Amino acid sequence: MKTTLYMAISTNGVIATEKGDEDFLSHENWEKFCELAREFGNFVVGRKTYEAVKKWDGGYNFDDLVGVEKVIISQDKIFKLNGGYTLANSPEDALAKLFQKGFQKVLITGGANINSAFAKLNLLDEIIFNIEPVVVGKGIPVFAPEDFELKLKLISTEKLASGVSTLRYSVLK
Amino acid sequence: MKVILYMAISLNGMIAKSDDDTSWISKEEWGSYSLAVRTAGNLIVGHRTYNILTKQPEFSEFKEVKLVVVAQEKFETLSPNHLVAHSPKEALELLGDFEKIVVAGGGMLNASFVEENLVDEIYIDIEPIILGKGIPLFRDKNFERKLKLLAQNKITDNEVQLHYEVLK
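If you're matching them up, the sequences are chains A and B in order. Those letters in the first sequence? Residues 28 to 200, by our numbering. Those letters in the second sequence? Residues 836 to 1003, by our numbering.
Check each hint, because a few of them may be wrong.
[What the hints assert, rightly or not] The calculated lysine to aspartate or glutamate pairs, modelled on DMTMM-like cross-linking and capped at a C-alpha distance of 25 angstroms, are:
#: 1; chain 1: A; residue 1: 75; chain 2: A; residue 2: 48
#: 2; chain 1: A; residue 1: 180; chain 2: B; residue 2: 979
#: 3; chain 1: B; residue 1: 1003; chain 2: A; residue 2: 48
#: 4; chain 1: A; residue 1: 124; chain 2: A; residue 2: 152
#: 5; chain 1: A; residue 1: 46; chain 2: B; residue 2: 979
#: 6; chain 1: B; residue 1: 968; chain 2: A; residue 2: 48
#: 7; chain 1: B; residue 1: 976; chain 2: B; residue 2: 956
#: 8; chain 1: A; residue 1: 186; chain 2: B; residue 2: 956
[Stated by the list, open to error] If you only want the chain B side, here are some residues facing chain A, beta carbon under 8 angstroms, derived:
#: 9; residue: 847
#: 10; residue: 848
#: 11; residue: 946
#: 12; residue: 949
#: 13; residue: 964
#: 14; residue: 965
#: 15; residue: 966
#: 16; residue: 967
#: 17; residue: 972
#: 18; residue: 973
#: 19; residue: 978
#: 20; residue: 980
#: 21; residue: 993
#: 22; residue: 997
#: 23; residue: 999
[What the hints assert, rightly or not] Quick look at which bits of chain B chain A covers, simulated, 3 or more residues with Cβ under 8 angstroms:
#: 24; region: 952-963
#: 25; region: 981-988
It should be emphasised that the hints constitute simulated quantities derived from the structure, not laboratory data. Only a predicted model underlies this, so the values are computations on that prediction, with no experimental measurement involved. In this text, a Cβ means the ideal position worked out from N, Cα and C, and glycines have one as well.
Using the sequences plus the hints, can you model the full thing?
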């Protein structure tokens, strides 16, 4: 199994304001997520991200990714999901469920706690960050504070029209 | 007068480990930063960064640099060439003759400069590392500033430099 973490972040590594707003992130980041989700055929997010996206308007909906396996991680074993979503109770469980369905590549995409949970277990192989041209003083960091360190190797860089930088790294193990 | 914030960060926006360790920052990055500081001829840092920076052997490169330490309390510097200011604005006033001014940490000083709209350009050198815990690029201030990407370069095969203008 190979895992890829994709996130859109501010230049200083913030994924949402303290209140949870992500208005500082541009539409291109969502498009990149959809492109990756279709390429991988799956994605994994945490329960908070799942609930946050459900409240968004303006055409941002995980339901639109028809045919893409959607795995939500929650420690609540009886958490009620809409149809078309699979519940997992840990990073390992999420990967096992997708492996059983025949996937070799898994896309992980937030939030902060899930990202750190995968990082701490050393379950991240590749990282793709879209860096938005904005600085956000206080907010939710891309990795919730935990004791871990990942050494990376830069694979590629890209500059998008909106000023977003796409940086792709492999995680050295 | 153009004020430049120049920092090396981990990919997730940390400027040091929790214990102030910055040994993960490469020589090449230091070279790029040092050149920017020496070219400007000046540097503004917070008192904690000052104490860390002045202990580095590479600090000898900054002999000719006019250094301003921002500290709230009385603060003793190591050299008469190192001045003390009590606020970001006062620090800039002390360097009023310079065309370019470099601000470089730590997290609280960076945040104060951006929050007070005193920064014109930002250089971010991204090291190929993620630190689960550490000292963030900006600390304790609530603000949001849009940037314009001016350039995206590589310092080495493994390090990206992003150069932004702060939109006002």
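Do the hints match the structure? See the list:
In summary, the hint linking residue 75 (chain A) to residue 48 (chain A) is supported, as the alpha carbons are separated by about 13 angstroms, within the 25 angstroms threshold. In summary, the hint linking residue 180 (chain A) to residue 979 (chain B) is not supported, as the alpha carbons are separated by about 30 angstroms, beyond the 25 angstroms threshold. Among the hinted pairs, residue 1003 (chain B) with residue 48 (chain A) is consistent with the structure: their alpha-carbon atoms are about 22 angstroms apart, no more than 25 angstroms. For the given pair, residue 124 (chain A) sits about 18 angstroms from residue 152 (chain A) by alpha-carbon distance, which is consistent with the 25 angstroms threshold.
A C-alpha spacing of about 13 angstroms is found between residue 46 (chain A) and residue 979 (chain B), which places the hinted pair at or below 25 angstroms, so the restraint holds. Simply put, residue 968 (chain B) and residue 48 (chain A) have alpha-carbon atoms about 23 angstroms apart, close enough for the 25 angstroms limit, and the pair holds. Under the criterion of a C-alpha separation no larger than 25 angstroms, the hint pairing residue 976 (chain B) with residue 956 (chain B) is consistent with the structure, at around 19 angstroms. A threshold of 25 angstroms between alpha carbons decides the hint, and for residue 186 (chain A) with residue 956 (chain B) the separation of about 18 angstroms falls inside it, so the pair holds.
Annotation: residue 847 (chain B) was flagged as interfacial toward chain A, and the flag holds, the nearest CB pair being 4 angstroms apart, inside 8 angstroms. Below 8 angstroms, beta-carbon pairs count as interface contacts, and residue 848 (chain B) has one with chain A at about 3 angstroms; its hint therefore holds. This hint holds: residue 946 (chain B) has a C-beta 6 angstroms from the nearest C-beta of chain A, less than the 8 angstroms allowed. Taking 8 angstroms as the C-beta cut-off, the interface hint given for residue 949 (chain B) holds, the closest approach to chain A being about 6 angstroms.
Because the smallest distance between the Cβ of residue 964 (chain B) and any Cβ of chain A comes to about 6 angstroms, under 8 angstroms, the interface hint for this residue holds. The interface hint given for residue 965 (chain B) is met, as the beta carbon of that residue sits about 4 angstroms from the closest beta carbon of chain A, less than 8 angstroms. Of the supplied interface hints, the one on residue 966 (chain B) holds, with its beta-carbon coming within about 6 angstroms of a beta-carbon of chain A, less than 8 angstroms. Nearest Cβ of chain A to the Cβ of residue 967 (chain B): about 4 angstroms, under the 8 angstroms cut. The hint holds.
At its closest, the beta carbon of residue 972 (chain B) sits 4 angstroms from a beta carbon of chain A; the interface hint therefore holds under the 8 angstroms criterion. With its C-beta approaching chain A no nearer than about 5 angstroms, residue 973 (chain B) sits inside the 8 angstroms limit, and its interface hint holds. A hinted interface residue such as residue 978 (chain B) counts as satisfied when its beta carbon comes closer than 8 angstroms to some beta carbon of chain A; here the least separation is about 4 angstroms, so the hint holds. For the restraint placing residue 980 (chain B) at the interface with chain A, the shortest Cβ-Cβ distance is roughly 5 angstroms, inside the 8 angstroms limit, so the hint holds.
Checking residue 993 (chain B) against chain A by beta carbon gives a least distance of about 5 angstroms; that is within 8 angstroms, so the hint holds. For residue 997 (chain B), the interface hint holds, the least distance from its beta-carbon to any beta-carbon of chain A being 6 angstroms, beneath 8 angstroms. Against a cut-off of 8 angstroms between C-beta atoms, the interface hint on residue 999 (chain B) holds, since the closest Cβ of chain A lies about 6 angstroms away. A count of 4 residues in the region 952-963 of chain B with a Cβ less than 8 angstroms from any Cβ of chain A is obtained; the coverage claim is therefore met, three being the minimum.
Closer than 8 angstroms: that is the beta-carbon criterion, and the region 981-988 of chain B has 5 residues meeting it against chain A, so the requirement of 3 holds.
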